[in-house]
Amino acid sequence: MATDTQLDLWEVFIQPKSGNRYAHAGSIHASDKKMAIQNARDIYTRRGEGTSIWVVPSNCIIASDPNDEDMLFEPSNDKVYRHPTFYEMPEGAKNI
Amino acid sequence: MEEHDNKFQSRIDAGEFVEPKDSMPDAYRNHLIRQMSQHAHSEVIGMQPEGNWISRAPSLRAKQILLAKIQDEGGHGLYLYSAAETLGISRSEMIDQLQKGKAKYSNIFNYPALTWADIGAIGWLVDGAAIVNQISLQRTSYGPYSRAMLRICKEESFHQRQGYEIMAKMMKGTKEQQEMAQDAMNRWWWPALMMFGPHDSDSPHSSDAFRWKIKREGNDELRQKFIDKTVQQSEVIGLTIPDKELKWNEQKNIYDHGEINWDEFNQVIRGNGPCNKQRMEHHIKYHEEGAWVREAAEAFKNKKAKKENLINA
Ligand SMILES: [Fe+2]
Ligand SMILES: [Fe+2]
Numbered sequence: 001m002a003t004d005t006q007l008d009l010w011e012v013f014i015q016p017k018s019g020n021r022y023a024h025a026g027s028i029h030a031s032d033k034k035m036a037i038q039n040a041r042d043i044y045t046r047r048g049e050g051t052s053i054w055v056v057p058s059n060c061i062i063a064s065d066p067n068d069e070d071m072l073f074e075p076s077n078d079k080v081y082r083h084p085t086f087y088e089m090p091e092g093a094k095n096i
Numbered sequence: 001m002e003e004h005d006n007k008f009q010s011r012i013d014a015g016e017f018v019e020p021k022d023s024m025p026d027a028y029r030n031h032l033i034r035q036m037s038q039h040a041h042s043e044v045i046g047m048q049p050e051g052n053w054i055s056r057a058p059s060l061r062a063k064q065i066l067l068a069k070i071q072d073e074g075g076h077g078l079y080l081y082s083a084a085e086t087l088g089i090s091r092s093e094m095i096d097q098l099q100k101g102k103a104k105y106s107n108i109f110n111y112p113a114l115t116w117a118d119i120g121a122i123g124w125l126v127d128g129a130a131i132v133n134q135i136s137l138q139r140t141s142y143g144p145y146s147r148a149m150l151r152i153c154k155e156e157s158f159h160q161r162q163g164y165e166i167m168a169k170m171m172k173g174t175k176e177q178q179e180m181a182q183d184a185m186n187r188w189w190w191p192a193l194m195m196f197g198p199h200d201s202d203s204p205h206s207s208d209a210f211r212w213k214i215k216r217e218g219n220d221e222l223r224q225k226f227i228d229k230t231v232q233q234s235e236v237i238g239l240t241i242p243d244k245e246l247k248w249n250e251q252k253n254i255y256d257h258g259e260i261n262w263d264e265f266n267q268v269i270r271g272n273g274p275c276n277k278q279r280m281e282h283h284i285k286y287h288e289e290g291a292w293v294r295e296a297a298e299a300f301k302n303k304k305a306k307k308e309n310l311i312n313a
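If you read the protein sequences in the order shown, they are chains R and P. Note that the working numbering numbers the first sequence so that position 92 is 92, with each residue one more than the last. Note that the working numbering numbers the second sequence so that position 26 is 26, with each residue one more than the last.
In case anyone wonders, no lab produced these hints; they're calculated from the structure. Glycine is no exception: its CB is placed at the ideal position from the N, C-alpha and C atoms. A hint or two may mislead.
Within a straight-line C-alpha distance of at most 27 Å, the following computed BS3-like cross-link-like pairs (lysine-lysine) qualify [said to hold, decoys possible]:
#1 104(P) / 225(P)
#2 34(R) / 306(P)
#3 303(P) / 34(R)
#4 244(P) / 34(R)
#5 301(P) / 34(R)
#6 33(R) / 301(P)
#7 244(P) / 225(P)
Sample of chain R residues lacking proximity to chain P, with all beta carbon distances greater than 12 Å (derived) [said to hold, decoys possible]:
#8 7
#9 9
#10 17
#11 27
#12 44
#13 51
#14 60
#15 75
#16 90
#17 95
Label-pair ranges, simulated between beta-carbon atoms [stated by the list, open to error]:
#18 58(R) / 211(P): 28 to 36 Å
#19 177(P) / 42(R): 57 to 65 Å
#20 252(P) / 42(R): 43 to 51 Å
#21 24(R) / 221(P): 29 to 37 Å
Just chain P, with the same shape it has in the complex (with noise of 0.2 Å):
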């Protein structure tokens, strides 16, 4: 068993990728299970703050794009399943430990999109955050998982863009949409700045992920990345980040910015967040809504099978 593991380790070292048929520790499978479905589950899952817009976007631009936006979600949490699938689990599993509370998907997603800045913030920032960590997860060590991430980046940059047009065109409008963009800014800005997980220190599950090259970024690190890049942008519209203690460090090079609140972070993930609740009855009421048609296209399936096996008798 350690000699496995010790070649499986000089394969990760020499930059291989790993393939399905590979041989792996079970715990390199496992750990891929449970990020790759929990990625998948918050593809999914973030498509409701958004869908919450679809009949109140502001224009028919606005709605077109906003229902393309979406739609990438959904295709994305499906190349994310399907990689998932190629290590041994099955889509119905996987959806099954989302709807009993054993999967988690992204906290950010536990909080309401209460306005159309919402929208602009959600593009912009969150999508934002997901991205600087997709693009680290390309050169993630599982082939199927590196080639979905690369896939995936390729459609997010038009995310962040859209939402970040939202955003300058309201800072150009009128007093009372400056204000809304402001105040979804005050609100996203945090949850977005958690997406990137606890700090290194305190991070349960980050020394197995670097070392099997899962993970070749730390969580601090990806989260610095997103700041130094955000704060030029949200100065270019006139937005203020809600950091006080946010400031340029000319030794570093970097952004200093003051602490998350991780009582917070902690209490969202225990399931206390704003719409937990809402976003899993919703997801498991559309799940079984959907039943029927399942059921019928199987029946259907079997109903020609049954036909064309009379024909070739």
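With the rest of the complex left out, here is chain R (with noise of 0.2 Å):
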């Protein structure tokens, strides 16, 4: 029974609506592409959920180690100038 497996992983992500970003949605198991497709498809949209899926490899997905947590977004914390109420506008200036 060596060759019975549950066949791959892969990530499915749902745009669910046009003009909308796509979203991790969860997993499912295919052997190639048409298939992952089509369970993508039968298991994450059976009441409109989505206009268009992606499928990814799991194994293609790489992921931020949470212990970089810290150094990888501590550092946006001290520059408040990326933020636009960082700056102080005239008295009376309009629209901007």
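Need the complex rebuilt from these two chains, each delivered in its own frame; the hints are there to steer you.
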């Protein structure tokens, strides 16, 4: 029974409406691209949840290491000048 | 090790969600694997009692609804298996544990669906009880589990409503239909209450589950919620709840109810329920009969990969 696998793992991303960004919905098992799209359709869009699907082999996704969270995301905290509220606008200026 | 656990606990206490790559205590991981795989197995095994009625549904409408409902349950099983896989166990391993009796599934599916009214009772009471539990699990601390619960809860409300509609229709029908509905109610009520598990005071894994916020509400609390909302629904359609001790408690603002037969619960868990053997034999039979499909899909993939390599070479 060595060949009896549960097939490869794929991640499913769904665009809920035209123009929206794709969001991760979950994963599925499939042996190839075509089956991956079909299974994603059957499993994640039975109620009009989407207009379009991406499937990606799970082993192609590179994720950041949670231990690097501080190193990766901390530096942005001291750069308040990246936010529009940082700036002082002259009294009376409109539409800015 | 202890420092690591303290750090983890303070994340949980701060209300953070845990994601697959985060470090977590082994006991937390194992608790989730056990709970989530059991949940997934329940969705899948739960397709059997209802599947038994697809070919005998009383109308085309009823048949379409039942098919859609069962398909949802299969989907729920798949969401949950893949959420559990993020913890490092494979779906093959989980299925293997189920088939070898090392993993459990909800006791409720070891009862038979004898008449069409049972399909009503299952949707209304069994899915109804599952919903109460699953709504609570939407806030569970493990991210993938919580997200699967959100999706599942959205789908479940149709399940409960279609069941209640069946019961309501039968209660408006002939005397025989009314009796059939009441009989299904009598058989499913107590097993539905048992779905919430033993009293919290007798529940073996619950203190860890609370500390880690895997579980947010106790078994008895959830069971009470289910009873309180179901009594009114059964009154509206004229069904009697088979519990002579059931009565409204003015002071506590809840329904008091009779004691659950825990001997029966334990008997069914130990494998002596009416359908335990049948459920497992069915699962193994169709899993094995489907093996050639998985093998063919793999063979096709490998053949295509070889061809592409030749072209690219
Ligand atoms: Fe379900
Ligand atoms: Fe359901």
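Point to revise | Unmet hints by their number, sorted upward, for this structure | key: 4, 8, 9, 11, 12 and 19
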